[in-house]
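Protein chains: 4
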Amino acid sequence: MVDLKCTADFCIIPIGTPTASLSQYIAEVQVMIRSSGLTYSMHSAGTTVEGPWDEVTELIGKAHQVLHDLGIPRAQSDIRIGTRIDKKQSFPEKVAVVEKILEEKKKQQASETKSVV
Amino acid sequence: MVDLKCTADFCIIPIGTPTASLSQYIAEVQVMIRSSGLTYSMHSAGTTVEGPWDEVTELIGKAHQVLHDLGIPRAQSDIRIGTRIDKKQSFPEKVAVVEKILEEKKKQQASETKSVV
Amino acid sequence: MVDLKCTADFCIIPIGTPTASLSQYIAEVQVMIRSSGLTYSMHSAGTTVEGPWDEVTELIGKAHQVLHDLGIPRAQSDIRIGTRIDKKQSFPEKVAVVEKILEEKKKQQASETKSVV
Amino acid sequence: MVDLKCTADFCIIPIGTPTASLSQYIAEVQVMIRSSGLTYSMHSAGTTVEGPWDEVTELIGKAHQVLHDLGIPRAQSDIRIGTRIDKKQSFPEKVAVVEKILEEKKKQQASETKSVV
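If you're matching them up, the sequences are chains A, B, C and D in order. Per the numbering used here, the very first residue in the first sequence carries number 5; after that it's consecutive. Per the numbering used here, the very first residue in the second sequence carries number 5; after that it's consecutive. Per the numbering used here, the very first residue in the third sequence carries number 5; after that it's consecutive. Per the numbering used here, the very first residue in the fourth sequence carries number 5; after that it's consecutive.
Rather than coming from a laboratory, the hints here were simulated on the basis of the structure. Model, not experiment: these values are computed from the prediction. All C-beta atoms in this analysis are idealised placements derived from N, C-alpha and C, irrespective of residue type, glycine included. Mixed in with the good hints, there may be bad ones.
Claimed, not checked - Which residues of chain B face chain C? A partial, calculated answer using Cβ under 8 Å:
#1 Ile-17
#2 Gly-20
#3 Thr-21
#4 Ala-24
#5 Gln-80
In isolation and in its complexed conformation, chain A is listed as follows (with noise of 0.2 Å):
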């Protein structure tokens, strides 16, 4: 048991399939993920998930197994995973922050324009 928060981010890619579009393949996944319970977000490049590491990688695992299910032979992930112990961060705000220093530095430029004017 790993007794840690993280936040992880992951694209699955199944292998072998006839075709190469995969969202059908992607929606079997998210049906799967919205049951599960843990706070997650979809976007275009793949998933990020929150939770403890253990139900986290537990469920990139089960994401696996729904492509096997499906009769997908072999599947990729890649996986970005982080812990930190200084501070809880849930993923949404981290955006949120970074937005937050980019409005400040554009009041800070108008303002600077101003005094040179």
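Got chain A sorted already, so can you dock chains B, C and D onto it with the hints?
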């Protein structure tokens, strides 16, 4: 030169920073990306960009340059980069396609439940 | 529990380190991996491990724990993890298979050159 | 143009292949890499290449082109790419550095055990 369009999702990590908070650095990278003219979207686990292969990979290289210019000695990116020649698809459409399938699945299940009743 | 064998290749990055040299940290992670009993191989861009899904992902979580125990506030791993149900293949065999194909290609080309002459 | 040296480790996956066995495709990519003149090393989970940013990312783009030329409609790569400006280090040295630390640790432990006895 590589004559391919691509979609890349990258997560850049500055290494050897005095703090574990990276948002200030990420904001500087975002300023550069915004000025690039490429279609992009920031999410909590990275930034998705699309365009010609050479421009997209150059953009990511410039993100490394931005960090080094700030005095960061080392940086590492994880990049998921995809190309396809069977059809054109812009990354914002991908999520919509999956969500449409999920919507149809729901309707189908609802109608199946009805007919059972 | 996930009932699948997997091969995972991971690259762990400590974040918020006083220095850009990570080898001391990586060495501590390697000590833990060596004691795990799983089949593994370290290369310059990561470590490949194979075994049951739960054990492999737990090992990577323990790698994060090792870093946190050393006082590192934050860590991120990039993981490539694959499963397949069509055949058993241990990761050290993969390179051999590709190299055999390359060898055969060379022979074929040599013999084609001969017959042209 | 990006004026940085880099080390990239990439794993390319052909999508929409009739089979789950990818070694034939990987072998074709390896033939191209071998002819590139860049320093590289194939391992079971990818290929590590080093050189100028533009040349390395172009090489990976060419790997996608190789697959498309073979009729593969879609391909995705996972790339770990690193740059550093504090020192020059060639990727084959990295493993040696970690192994040297591990060796020293062993010696130290052995000598500590001795002095306890």
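Worksheet item: For the hint on B:Ala-24, does the least C-beta distance to chain C fall short of 8 Å?
Response: 3 Å, holds
Worksheet entry | Restraint outcome when B:Ile-17 is required to lie within 8 Å of chain C by C-beta distance | 6 Å, holds
Discussion item. Using the nearest Cβ pair, does B:Gln-80 come within less than 8 Å of chain C?
Written reply: 6 Å, holds
Discussion item. Let's test the interface hint: is any C-beta of chain C closer than 8 Å to that of B:Gly-20?
Written reply: Result: holds, 3 Å to nearest chain C Cβ.
Worksheet item: With a cut-off of 8 Å, does the beta carbon of B:Thr-21 approach a beta carbon of chain C closely enough for the hint to hold?
Response: 6 Å, holds
In summary, this structure violates none of the numbered hints.
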